[in-house]
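Participant: Here the protein sequences come in this chain order: A and B.
Going left to right, the first sequence walks through residues 0 to 257 as numbering that gives the first Met the number 0 numbers them.
Going left to right, the second sequence walks through residues 0 to 430 as numbering that gives the first Met the number 0 numbers them.
Hints listed in this document are in silico derivations from the structure and should not be mistaken for laboratory results.
In this text, a Cβ means the ideal position worked out from N, Cα and C, and glycines have one as well.
Only true hints are included.
Distance windows between CB atoms, simulated: (1) B/G428 / A/S176: 35 to 41 Å; (2) B/C364 / A/P58: 37 to 43 Å; (3) A/D138 / B/E345: 35 to 41 Å; (4) B/E108 / A/G141: 37 to 43 Å; (5) A/G64 / B/A389: 28 to 34 Å; (6) A/R115 / B/C405: 29 to 35 Å; (7) A/G150 / B/T90: 46 to 52 Å; (8) B/E345 / A/G147: 29 to 35 Å; (9) A/I180 / B/G331: 47 to 53 Å; (10) A/D197 / B/T90: 51 to 57 Å; (11) A/A167 / B/C405: 36 to 42 Å; (12) B/H284 / A/E71: 35 to 41 Å.
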Amino acid sequence: MTANTNPALFTCRDVRVSVAGKEIVKGVDLEINAGEKHALMGPNGSGKSTLAAALMGHPAYEVSGEIRLRGEELSALEPDERARKGVFLGFQYPVAVPGVTVASFLRAALSARQGREVPVREFRLKMQESFDALDVPKDFAGRYLNDGFSGGEKKRLEIMQMLMLEPAVALLDETDSGLDIDALKVVSAGVNKASGPDTGILLVTHYQRILDHVQPDAVHVFMDGRIVRSGGPELARELEERGYDWLADATSTAATGG
Amino acid sequence: MADRATVDTPSATSTRPQLDAAAVTEFSRDRGESASLATWRARAATVLARTELPDRVRHLWRYTDPGKLLPGKLLAATTDSGAADVAIPDTPAVVLVPGQPPRLNAAAESCGLVIETMHGGGDVTEGLGRAVPGEHGYFEAMNAAAFDAGLVVRAPRNLDLAEPLRVVIPAIDGADVLPRLLVIAETSARLTVVEDHVGGDSGSVVIGVTEILVGANAEVRHVLVQRWENGVRGHLTQRAVLERDARFLGATTGLGGAMVKVDLGAVLAGPGARSELVGVTLPEHRQHLDHHTVHQHTSGRTWSNIDFKAAVTDRARSAYTGLIRIEKDAPGSEAFQENRNLLLSERARADTIPELEILTDDVSCSHGATAAPVDPEQLFYLASRGLPAAEALQLVVRGFVESTLCLMPADLREEIETLLESRLRRIGGAA
Numbered sequence: 000m001t002a003n004t005n006p007a008l009f010t011c012r013d014v015r016v017s018v019a020g021k022e023i024v025k026g027v028d029l030e031i032n033a034g035e036k037h038a039l040m041g042p043n044g045s046g047k048s049t050l051a052a053a054l055m056g057h058p059a060y061e062v063s064g065e066i067r068l069r070g071e072e073l074s075a076l077e078p079d080e081r082a083r084k085g086v087f088l089g090f091q092y093p094v095a096v097p098g099v100t101v102a103s104f105l106r107a108a109l110s111a112r113q114g115r116e117v118p119v120r121e122f123r124l125k126m127q128e129s130f131d132a133l134d135v136p137k138d139f140a141g142r143y144l145n146d147g148f149s150g151g152e153k154k155r156l157e158i159m160q161m162l163m164l165e166p167a168v169a170l171l172d173e174t175d176s177g178l179d180i181d182a183l184k185v186v187s188a189g190v191n192k193a194s195g196p197d198t199g200i201l202l203v204t205h206y207q208r209i210l211d212h213v214q215p216d217a218v219h220v221f222m223d224g225r226i227v228r229s230g231g232p233e234l235a236r237e238l239e240e241r242g243y244d245w246l247a248d249a250t251s252t253a254a255t256g257g
Numbered sequence: 000m001a002d003r004a005t006v007d008t009p010s011a012t013s014t015r016p017q018l019d020a021a022a023v024t025e026f027s028r029d030r031g032e033s034a035s036l037a038t039w040r041a042r043a044a045t046v047l048a049r050t051e052l053p054d055r056v057r058h059l060w061r062y063t064d065p066g067k068l069l070p071g072k073l074l075a076a077t078t079d080s081g082a083a084d085v086a087i088p089d090t091p092a093v094v095l096v097p098g099q100p101p102r103l104n105a106a107a108e109s110c111g112l113v114i115e116t117m118h119g120g121g122d123v124t125e126g127l128g129r130a131v132p133g134e135h136g137y138f139e140a141m142n143a144a145a146f147d148a149g150l151v152v153r154a155p156r157n158l159d160l161a162e163p164l165r166v167v168i169p170a171i172d173g174a175d176v177l178p179r180l181l182v183i184a185e186t187s188a189r190l191t192v193v194e195d196h197v198g199g200d201s202g203s204v205v206i207g208v209t210e211i212l213v214g215a216n217a218e219v220r221h222v223l224v225q226r227w228e229n230g231v232r233g234h235l236t237q238r239a240v241l242e243r244d245a246r247f248l249g250a251t252t253g254l255g256g257a258m259v260k261v262d263l264g265a266v267l268a269g270p271g272a273r274s275e276l277v278g279v280t281l282p283e284h285r286q287h288l289d290h291h292t293v294h295q296h297t298s299g300r301t302w303s304n305i306d307f308k309a310a311v312t313d314r315a316r317s318a319y320t321g322l323i324r325i326e327k328d329a330p331g332s333e334a335f336q337e338n339r340n341l342l343l344s345e346r347a348r349a350d351t352i353p354e355l356e357i358l359t360d361d362v363s364c365s366h367g368a369t370a371a372p373v374d375p376e377q378l379f380y381l382a383s384r385g386l387p388a389a390e391a392l393q394l395v396v397r398g399f400v401e402s403t404l405c406l407m408p409a410d411l412r413e414e415i416e417t418l419l420e421s422r423l424r425r426i427g428g429a430a
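For reference, chain A alone in the conformation it holds in the complex (with noise of 0.2 Å):
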C-alpha cells in the first residue's frame, strides 16, 4: 500500500443532509486514503443511503458541510461534474432508462468520464474486457438500460461501469443487496478488480456477508444518521455476532435501529 502524504482522497468534514426540510445525515466526518476500502455499515433507514446519493451530489438533497476529492471541495459541483472528476456511485436501485441501449449509454458516459469521444472501435473492446471480467453476457449490450433487468443483473452492470469509468472514488450503495452466493462473488471480484492503489472505495451495506470477499481497511458503523463507532475489520465481526442494538444503547442520541 502506498504512503499517503498528501490530502486524503476523499473526505467529508460535517456532513449533513435534509430531505424536505428534515435532517437524514446529522454530521458525518470521514477520511478515505487512497488504496483504502471502507465499510460504512448500518440498520435500514439509518441515512445510509442518502449520505451516498448526497455525496455524489442529488438535486433533492440539502447538504452542508465539506465534500473533498484530492482536496477539491465538491459541495457546489452537479452531479456530473463530480462523476467527471472521478466520483462513481453504485446505486441500490438502479434506474430504468427505456430505449436507451447499455452500449449506447456506457459509450456517452465513457466520453464524458475521458473528456473526449472515445472511438467506437475502442469503446467495444474495453466495454467487452469489461463484460468478461464480471461474466456478463454478451446480449447486455444490445439491452435497453436497466430495463427488465433482474435485480442481480442490474448490479453486475453498476459493477462494470465502475470498472469502465476507473473512478477515484467509488461510492457503493447495498451493491450486495438481492445477490445469490455465485454473484455476490462476482461482484466482491469486481470491486476488488476495481481496488487499487489510487482508488478507494466506501462499501455502504447492511450485511456483513460481502466483507467475506472483500477485506475493508475500515468500518464504520452508521446509525441515525452519525457514524457511532470507527474500527478495523473486527468490527464488522462483531456486528454480525450481536447486531447493531448494543450500539444504539451505547449512543444515548442514537434513535432504535431497525
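Position chain B relative to chain A; hints supplied.
Facilitator: Then chain B, alone, in the frame of chain A:
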C-alpha cells in the same frame, strides 16, 4: 396565442374565405381540367357552402381553433417562387407546386408507377373522394373544391416498388397551398410514399388532403414528414381505405410549423386488413401541434395498432386525440392504441384523449395514454455517470421515442432519425 374567451365558440364566419361554385368551375376550366373534375369540384363547393367550421365542443377540435388555420383568398392561382430550390434525391421523387406541372425526376419516370397531375385534362375522378369525401369536414370540403396542386400516383397490379417515392410539397412564402394526393395501390402492389412537407414562412397556409386506396393484398407505407419552417399554419388530412388482406403503415413525424393539425387514419374495409399508425412529434418554442388518429374497422377479422409519442419543450403544446371505432359488422377485430407524452419543461403542455367506440362484441381492444415529466431519478442516474444535464435529457428523449421509431420503415429509419436528431440536439439547451 389563442384568446381563451373564444375557445368554445365557433370562429367568426366573416373570416371564412368565400368560394362559389361558378368560380370553382371557372378555375377548373382555366386549368384545362376534365369536365368530370370540374363537376366534382363544383359539388364540393356546395358542400363547403353548407359546412360550418368544426365545432370546438367535439373532442377532435377541442384543443385547436380552426379559425386560425384558414387560408386567405382561395383560388388565388398561386405560383411558386422558391420551390425551385428544393433538393431532389436520386431516388424516385416528384415536386408538387401549384400552377406548374409536377416535376418528376428520372427515377420517378421509370419506376413503374403511373404518376399524373390532376390538372391535365385526364379523367382523374375515379377513386377521388373515396377515402376523404368533401363531407369529411370543413377543411376537406375546401380542399376538394379548391385544391391547386393535385397528383395521382397509381401502382399497377403486382408492382413491387423497390425504392420509396418522395412527393415534395413546398409551402409557399406568404401564400396558401391546397395540395391533394391520391395514391392507388392496385391488387397485390407494394409501394412506399414519403409525403414531404417543407418550406414556407409565417404567411404560409397549407390545407392538404391525401387519399390512399389500398387494394386487395396490396401494401402501402405512407411516411408523412412535416418539417415546415417556423410560422407555417396548416391542416393535413390523410385517410387510407384497406381492402381484403391489405396492409398499411402510416408513419408521421411532426416537427415544423407554428400551428398545425394533422388528421390521420385508416378504414379497415376488408377481412384480413392490417393497419398501423405510428408517430412522433417534438413541439418546441411556442409551436402548437395537434394530431388526430382514427382506425375505423368496418370489416371483421381486421387488426390495427396506433403508437403515438410527443415530447414537448419550452412553451409548446401537443394535442393528441385518437379514435378506435369498431363497427357493428366487424366481429373478430383487434385494435390497440397508445399515446405517451413527455413534458420537458414547466410550461410545456400535452393533452390527450384516446377514445373507443365499439359497436360489436367479440373484439379485442386496448388503449392507454400517459403524460408525465421526465423522471428526475433517471436524470440523476445519468448525471452520476458524468453526462451533462442537456445530454442526459436528450438521451432520455431518444429512449422515449425509440420504441415508436422501431415501428417505422427500416429503410427510412436513418433519414427519420437524422430529422429528429437536429431537433433533439436543441433539447436542454438555451431555451
